[in-house]
Amino acid sequence: MPQRTPSKRRAVEDSLEESRPDDKLNIRIVLAPIDLSAASMHALNYAIPIAERFQADLHLVYVHENGHEFSADAMSQLLYESAEMRT
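Heads up: the sequence shown begins at 1 in the numbering used here, then just goes up one per residue.
Calculated directly from the structure, the hints in this document are not laboratory data.
Predicted model, so just to flag it, every value in this text is computed and none were measured.
No false leads were mixed into what you were given.
Quick list of simulated restraints, FRET-style, between CB atoms:
#1 M41 x E81: 41 to 49 Å
#2 S76 x M41: 39 to 47 Å
#3 N66 x S40: 17 to 25 Å
#4 S40 x E69: 19 to 27 Å
Idealized CB from N, CA, C, for every residue including glycine.
Please put together the full structure from these sequences, using the hints given.
Shown next as structure tokens:
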């Protein structure tokens, strides 16, 4: 988990306190997409105090691209050719 500096956290908390969004909002889940880049870790520094402020669950989503994309037709053709080679 990324380390938050007290000054960053304090700035986020101060901003939340000034806007008083909890008077009108009922946030139950904060969704934070991450890709482990510096930018997503920076965004997480904002998501954590927001979730804490609203006593909301914090959900992290990480999507990993796995190799090359294939169309269904291309994959079917590859599987068929592979099966043919085995017989």
